[in-house]
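Between the sequences and the hints, there should be enough to build the whole structure, so can you do that?
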Amino acid sequence: MKPFNIYISGVGGQGIIKTSIVMGEAAMKMGKPVVMSEVHGMAQRGGVVSTELKIGSSRSPIIQNGHADLLLAFEPLEALRAIHKINRNSYVIINTSPIMPFNISESKYSYPDISIILEELNSKSKKLYAIDGVKIAKKAGHILSLNMVMLGGASAVPGFPLDEKILIESIKDNLPQKSLITNLKAFKEGFISVSE
Amino acid sequence: MNIKDVLTAPKNEVLFLLGNEAAVRGALEAGVSVTSTYPGTPSSEIGDVFSKVAKDADIYFEFSTNEKVALEVAAAAAVSGLRSFTFMKHVGLNVASDSLMTTAYSGVNGGMVVLSADDPSMFSSQNEQDNRHYAQLASIPLLEPSNPQEIKDIMNYCYQLSEEFQIPVLIRTTTRVSHMRGVVKLDSIFKSKNIGFFYKDPERFVPVPEAARKMHKKLMEKMNKLQERANESTLNQIFHKNGSLGVITSGGAFNYVMDVVEENNLPVNVLKLTFTHPFPEETVLEFINDVEEILVVEEVDPVMENAVLAVLGKQGVKKGIHGKLDGSLPLIYEYNPGIVLNGIKKVLNIKTIEKEIQETSIPLPERPPTLCPGCPHRAIYYSVKKVISDLDLENVIFPTDIGCYTLGIESPYKAGDYLLSMGSSIGTSCGFSKATRQCIVSFIGDSTFFHAGIPPLINAVHNKDRFVLIILDNRTTAMTGGQPHPGLPVDGMGEEAPEISIEKIVEAMGIKFLRNINPLNLKQSQLILREALEYHGVAVIISKYPCMLIKSKVKKNNFVVEVKDDCINCATCIKDLSCPAIYAENDTIRIDPKLCRGCSVCIQLCPEKAIKVKKRNINY
Ligand code: SF4
Ligand code: SF4
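Residue numbers (my numbering), protein chains in the order written: chain U, 92 to 287; chain X, 15 to 634.
The hints are simulated quantities; they were obtained by calculation from the structure and are not laboratory data.
Ideal Cβ positions, reconstructed from N, Cα and C, are used throughout, including at glycine.
Heads up, some of the hints might be wrong.
Simulated pairs of lysine to aspartate or glutamate, EDC-like, Cα-Cα distance not exceeding 16 Å [stated by the list, open to error]: (1) U:K93 with X:E276; (2) X:K400 with X:E217; (3) X:K239 with X:E276; (4) X:K578 with X:D606; (5) U:K215 with X:E373; (6) X:K589 with U:D254; (7) U:K215 with X:E370.
Listed next, the stretches of chain X that the computed footprint assigns to chain U, with coverage defined by at least 3 CB atoms under 8 Å from CB atoms of chain U [claimed, not checked]: (8) 378-385; (9) 523-536.
Below you can see the structure in the form of structure tokens.
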């Protein structure tokens, strides 16, 4: 089985590694082979965080450039930085609220216009889903449920290989009980925002 | 998954484990009794998991003061008949290597496994040294697993090997293997004894020259036998067979090879080596019989490639060998599927259908890592820079060390000029003090001070050096995720433990200038820094305040700050402090309440007193 490759990128603190583990464990529960790569250490302190997840037969957890089926970007600039992972047939889901790099005021380049980022990704992928994940998360109950909004969105993409029921089980296994209602709501709203 | 599942999940269950977590399970299944480490990425999670499960597993685990001590703890346990496991990042093995070399000579009784987690491409390290060389240098067996399941499975094999040959065994992983997650099928945990007995045998355990000469001979005999074992090992396997090019690979590189070979159905044979030292020469000779040319794919140095060349030379076999040495593959940095595919294509002289890779011409601003909002290091860096500029000091040298505070090299602080290794801040300060007339302000963290800072500080006092040393005591080993160290009242198993006082250590060295500061109190810090800079001799300042990441886990801050109308948009707070919570929006200064940790440093430095507390009070 050709793997379904998901490249997830964003900024430290957005819950990216957790989200990837939720997907990975769901795949495992469904009996699918799955491998994942994550970063730790120096790379994390407020910097870029990315994980790579391959669901289906694959040995290396690294997605070859141009081979991501889905780019799940928690932050617009980080979506664009990961563009080398996608091809013309890839899907892209992007949370449109930017997080400025802390040193942006003295950076050589300014933060690109969101509309330019969206246009660029739209023209270079099969389909771009731009969602205001932060707004949806807040509506669901907490800004920190952004990762579940993104996960819900991912599960609405054509070809996404994980069952909703098992994903929800995996969410229950991996996220704190006390925020479960919010998280499930965020997941559902994320799904709706992408399916529309 | 709950991290305790690593211990409690039964045989045949599957878990989605990180390579590092799988190493813990593997050691527990093998009946390990004593485990030790000094935390370092990419090996840190091994210790984090042991520290959570050791008590329940009824085994011993410690965060040692440094890797050399960790290795010595494991070696003594192993000569006392217990199975021991010590693990560290690649550069940690440099520290431990002095004792590793002799452990190879004297050997072990209980099995001893040493794991080195290498960091090709340097995600979190100062170099990308290839620690497979240590297996050659010390003459010990080496295994290179490729994924979490293999890491778990080879642990038991390594212990058997170690006990049969009475030799420590080295496992080498890389970042992409240690930090890879995969489905791991479990076996049962084996509980072995955890009280050993040391039988004296000075001829074996005390390498005075007379004894050492015998030991070395014996070691060579062991290695000869181990060579046979490597040749017989089923861990070295042929995976793909349909071509005239033979690919020899190991570790994480094997994964890339298989992915691109299978996807593109490339005409190659693949030999995966896991037991790589002593080099399985016969396995390799047999494999290359069937092929015309050979490509060696490995990270980072051409270790196997050189070994293959030697084997062919010895046997007088003439075949094309490709790899790093002829430029078919890059000589440095980590590989990925694309790099490996290109290498194979180059050698085979073929083209494959490529997916079009997307690119963008829009320039992207960087997002470098930075100190957390409210980090006490930022405050001290600010004060140091302020005092130095107030005093008009020029060409100050800032020797720095390893930890979050290494990020002090960034603008606006630029307080990091020279760094070699753990503890080098102090040793190099001694050198600068002798070699130059420049002013020296040196930084070292608390955990790093215990690790390697004490001998050079003694050196500084005894040799009458002159510099300011700032010990950044944030009450944890922050960079690697917040592990305890000897300065804390808790040990690696979560038990109460005697707290070693940095202050008393420094005092005992006879250092006359010793001051404690709270770095978040700018006025006090700057006064003391001024004094220190005028002092003739070694001036030590202990800058004590807990790491924000650890602190906010314990207690959420109950106030933040905001910018009031008095702000004249001078942007001093952004330019001189650069806290990630402070930003300018259309030239108006704002503070992001989600990021602000209420450390109050910006309040103190704002020349217009325009930043004020919002909600609740600050504590000083
Ligand atoms: S983890 Fe702690 S020490 Fe490291 S940057 Fe953050 S606050 Fe500072
Ligand atoms: S109080 Fe000021 S310096 Fe401290 S975290 Fe908040 S914004 Fe940053």
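Okay, the hints, checked on the actual structure:
For the suggested pair K93 of chain U and E276 of chain X, the alpha carbons sit about 10 Å apart, so the restraint of at most 16 Å is met. The suggested pairing of K400 of chain X with E217 of chain X is violated, with an alpha-carbon distance near 60 Å, which exceeds 16 Å. Under the criterion of a C-alpha separation no larger than 16 Å, the hint pairing K239 of chain X with E276 of chain X is inconsistent with the structure, at around 36 Å. As the CA atoms of K578 of chain X and D606 of chain X are separated by approximately 14 Å, the hinted pair is consistent with the 16 Å bound.
At roughly 9 Å between alpha-carbon atoms, K215 of chain U and E373 of chain X fall within 16 Å of each other, so this suggested pair holds. A threshold of 16 Å between alpha carbons decides the hint, and for K589 of chain X with D254 of chain U the separation of about 50 Å lies outside it, so the pair is violated. Between K215 of chain U and E370 of chain X, the direct Cα distance comes to roughly 10 Å. Compliance with the 16 Å bound is thereby established for this hinted pair. With 8 residues bearing a CB less than 8 Å from a CB of chain U, the segment 378-385 of chain X meets the requirement of three and the coverage assertion stands.
Residues of the segment 523-536 of chain X lying with their CB closer than 8 Å to a CB of chain U number 0, which falls below the three-residue condition for coverage.
The structure fails to meet hints 2, 3, 6 and 9 from the earlier list, while all remaining hints are met.
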